[in-house]
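S.K.: Sequence:
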Amino acid sequence: MAELIYGAEGDPVHMPEHLLAHVKLVVATKLRRNESFMLTWRHPDGSGRSSVWLEPSIPLRFVFETIEEPAIDHALLASLAAAASSNGGLVLDLADVRLLGASGDGPPPQPRERPEVAQPAA
Numbered sequence: 017m018a019e020l021i022y023g024a025e026g027d028p029v030h031m032p033e034h035l036l037a038h039v040k041l042v043v044a045t046k047l048r049r050n051e052s053f054m055l056t057w058r059h060p061d062g063s064g065r066s067s068v069w070l071e072p073s074i075p076l077r078f079v080f081e082t083i084e085e086p087a088i089d090h091a092l093l094a095s096l097a098a099a100a101s102s103n104g105g106l107v108l109d110l111a112d113v114r115l116l117g118a119s120g121d122g123p124p125p126q127p128r129e130r131p132e133v134a135q136p137a138a
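Per the working numbering, the very first residue in the sequence shown carries number 17; after that it's consecutive.
By construction, these hints were calculated from the structure, which means they are not laboratory data. Any given hint could turn out to be false.
Said to hold, decoys possible - Cβ-Cβ distance ranges computed for the label pairs, FRET-style: (1) Asn103 <-> Ala44: 16 to 26 Å; (2) Glu25 <-> His90: 28 to 38 Å; (3) Ile83 <-> Asn103: 18 to 28 Å; (4) Thr45 <-> Asn103: 27 to 37 Å; (5) Ala91 <-> Glu25: 16 to 26 Å; (6) Glu81 <-> Asn103: 31 to 41 Å; (7) Ala91 <-> Ala24: 30 to 40 Å; (8) His90 <-> Ser63: 12 to 22 Å; (9) Ile21 <-> Asp89: 20 to 30 Å; (10) Ser66 <-> Lys40: 27 to 37 Å.
Backbone N, C-alpha and C fix where the C-beta goes; we use that ideal spot for every residue, glycine too.
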């Protein structure tokens, strides 16, 4: 399992390496553009969810157990990037990714679709 650590003393968020590799690319692209966004994950034990506001000024670490980088699934990458740019931000359901096993083998998880909020007429 890989870890995402947000903030200087943040608790790690555990997820398969394959998923974190894709999340890392999306986060790096957004933050390089100075685009802040919300990242939410549903806890794998069903005990709730957590959200963090990602912005360039907050320390962020991606920790992987393996040296090799996984192959990039461009469809998954596009889906994650679109979700990160949506009103609801990027939402990961870690209960779903647990089914892949610790190695991250198997089909990549898809982010949950969030309905767009209607904007008031100008």
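S.K.: Just to be sure I understand the hint, the distance between the Cβ atoms of Ile83 and Asn103 should be within 18 to 28 Å; is that true here?
M.R.: 37 Å, violated
S.K.: Between the beta carbons of Glu25 and His90, is the distance compatible with 28 to 38 Å?
M.R.: At 35 Å between Cβs, range holds.
S.K.: Taking 16 to 26 Å as the hint, is the beta-carbon distance of Asn103 and Ala44 inside that range?
M.R.: 22 Å Cβ-Cβ, so the 16 to 26 Å window holds.
S.K.: Quick one: are Thr45 and Asn103 within 27 to 37 Å, going by C-beta?
M.R.: 19 Å, violated
S.K.: Can you tell me whether the CB distance of Ala91 to Glu25 sits inside 16 to 26 Å?
M.R.: Between Ala91 and Glu25, where Cβ atoms are some 35 Å apart, the hint is violated.
S.K.: Range first: 20 to 30 Å. Now tell me if the beta carbons of Ile21 and Asp89 are that far apart.
M.R.: 24 Å, holds
S.K.: Honestly, do His90 and Ser63 meet the 12 to 22 Å range at C-beta?
M.R.: For His90 and Ser63 the Cβ distance comes to about 33 Å; the hint is violated.
S.K.: Quick one: are Glu81 and Asn103 within 31 to 41 Å, going by C-beta?
M.R.: 34 Å, holds
S.K.: Please test the hint of 30 to 40 Å on the beta carbon pair from Ala91 and Ala24.
M.R.: 35 Å, holds
S.K.: Could you check the hint for me, namely that Ser66 and Lys40 are 27 to 37 Å apart, CB to CB?
M.R.: 18 Å, violated
Hint compliance for this structure: hints 3, 4, 5, 8 and 10 are not met, and every other hint is.
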